[in-house]
Amino acid sequence: MKSLKIAGLVAGVLVSAAAHAQVPLVKVDGSSTVYPITEAVAEEFQKSKKNTVRVTVGISGTGGGFKKFCRGETDISDASRPITAKEMADCKAAGIKYIELPVAFDALTVVINPKNDWLKEGKLAELKAMWEPGAQTKVMKWNQVNPAYPDRPLKLFGPGADSGTFEYFTEAVNGKAKASRGDFTASEDDNVLVQGVSRDIAGLGYFGYAYYFENKDKLKALPIVNSKGKAVMPSVEGVMSGEYEPLSRPIFIYVSAKSAERPEVKEFVEFYMKSAAPLVKEVKYVPLGDADYKHALDNFGKKKTGTAFGGHNEIGVKVADLLKREPKE
Amino acid sequence: MSQVTLNAAQIAERLAAIRKIIAKAKRFDTFFAILGLVSLMVGVLTLTALIADMAIRGLPRIDLDFFTSFPSRRAANAGILSAWVGTILVMLVTALAAVPLGVAAGVYLEEYAPKNWMTDIIEINITNLAGVPSIVYGLLALGLFVYHFGFGQSILSAGLTLALLILPVVIVSTREAIRAIPQMVREAAYGCGATTWQLTRDHIVPYSSAGILTGVIIGMARAIGETAPIITIGALTFIAFLPTAPFTGDPPAGLFDWVMAPFTVMPIQMFNWTSRPEADFLVNAAAAGFILMLMTLIMNGLAIWLRYHLRKKIKW
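Chains as they are written, first to last, in this note's numbering: chain U, 1 to 329; chain B, 1 to 316.
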């Protein structure tokens, strides 16, 4: 009798666990670059909903995030680059449709040591001479980049090969995504790069704007010479006006169309688009224009599924143009 | 037999030679004592320096709010509530899974298993398991618990993963504790006609409980700082709610609903903060690290205390 009762109790607990209606939950995962923005939005959203909706945000990287997203495990995927052709195929195979929404810009910032007095601006040709694959083991001194520069060892710092920042920088500077010399100090932790450049007068590195902004006292940012020949400092204004190019890139969230039918996901995305601008600024990224957020919200409302990129990244693309394109799946 | 007689000078000379040998041997003693002390200090000083560094940076940040706040984009508001609750719940699942499995396996190997080549192979494999990198357990758990059993990225998956990780430690310490029980106890029990089960239940397990507990806690102290396997199975970084407590909420949660809840743990929270651009988050990370260290120290202290008190009661 006793064992029967226990069995009944255990079964009851298990059944109640299965039948128990959960608090609505929005699952986000993906890029560490987009994470601070989504975190800020999630924090404010939960506050505004008085914790009746739960949001979780993980960091699996853009690629890892899409893997989960295309298996249907998450509702929203943070992405620091557009979805690739392979990821599109994975999602399609699993029947996952998605809406691509740009949420902010990240200004890739090239930094040097504050004591560096020879480099005044970042010319793409010089950056290419430093970073292109052919420079490996050959371009080891500053005067090899430009004879006017001193005879000092060239110490390069950059993110690791899995990072979206690396992918974008190499495409923008070297002309081909992921084509880079390999003999530089690489770290997935941007704070390591900050330390490296701040301690070495001959150092040069690149990473997201937020890491430069928080370490302004230790680093000097290089104004980048844009396609019109003007040297522009990385800044919110420079990016918003479109003058800071080609090193500014849009970053995205991808919302599963199926999840978007759930009221909590729909509300979260709408909240994201409406309150992004000030929150994006607070976490030191560059917001899109107000019209762009409205346009994105509109696209979300119309459930325009697919990507505006077609499986490959583009350099220097305008967000307003992206949002106007008819997305492909 | 001829007797050698020595005069005073000769005696003094030989004594001096002997003293020289002794002094030489003692010099080596002193040398080794210093070497040993230095070796010891390498470990102890590193730990002290680490703790001191984290304490100096982190202590100003530690107040009640730090324990009762969820993560936030603002460093000053960010706390470790979801992290420490997650860590404790994961540890609870780990203990509930690892202790019965580990103790049963240890008791079986010592008291029941026939001593043959099969048992030898099992023993070698258990020792080897203790050396498997934790990331391997994480990958195994991702396939097995998260997907195959469908536990998802939950406290249950994490707890079971860490339980696998510390299982070899629990088994080995159980066996060692059992081996320390004198053979005469077994002989006396069998002499009185006890079965192996009666012997195990009434004597072996109670007498070895101090050693087993120590092993369990040392294993848990290792598991509490594990990051790699937990990241692999997909712990979250931002989570601003706690698992629903049993019998609360509407409709009320079941007794074990919390095991399926998403979670984060202390090392992951700390890791996330160290990679943030704002320097204030590094202070948070140091504070979280200090608390994690404290949790580990408390667990180890508990192990020593328990061993001392439980052993005092047992007299052979």
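Treat the hints loosely; a few may be bogus.
Claimed, not checked - Okay, the calculated beta carbon distance ranges per label pair:
id, chain 1, residue 1, chain 2, residue 2, range
1, B, G143, U, K176, 53 to 61 Å
2, U, G134, B, L139, 50 to 58 Å
3, U, P133, B, R222, 38 to 46 Å
4, B, T248, U, M233, 48 to 56 Å
5, B, A228, U, E270, 57 to 65 Å
6, B, G143, U, K302, 53 to 61 Å
7, U, W118, B, G131, 29 to 37 Å
8, U, K176, B, I51, 42 to 50 Å
9, U, K176, B, L139, 29 to 37 Å
10, B, L255, U, P133, 36 to 44 Å
It is worth saying that the hints were derived from the structure and are not from the lab. Cβ coordinates follow ideal geometry from the N, Cα and C atoms, glycine included.
Against the structure, the hints:
no.	hint	result
1	B:G143 / U:K176: 53 to 61 Å	violated (35 Å)
2	U:G134 / B:L139: 50 to 58 Å	violated (38 Å)
3	U:P133 / B:R222: 38 to 46 Å	holds (43 Å)
4	B:T248 / U:M233: 48 to 56 Å	holds (53 Å)
5	B:A228 / U:E270: 57 to 65 Å	violated (37 Å)
6	B:G143 / U:K302: 53 to 61 Å	violated (39 Å)
7	U:W118 / B:G131: 29 to 37 Å	violated (52 Å)
8	U:K176 / B:I51: 42 to 50 Å	holds (48 Å)
9	U:K176 / B:L139: 29 to 37 Å	holds (32 Å)
10	B:L255 / U:P133: 36 to 44 Å	violated (60 Å)
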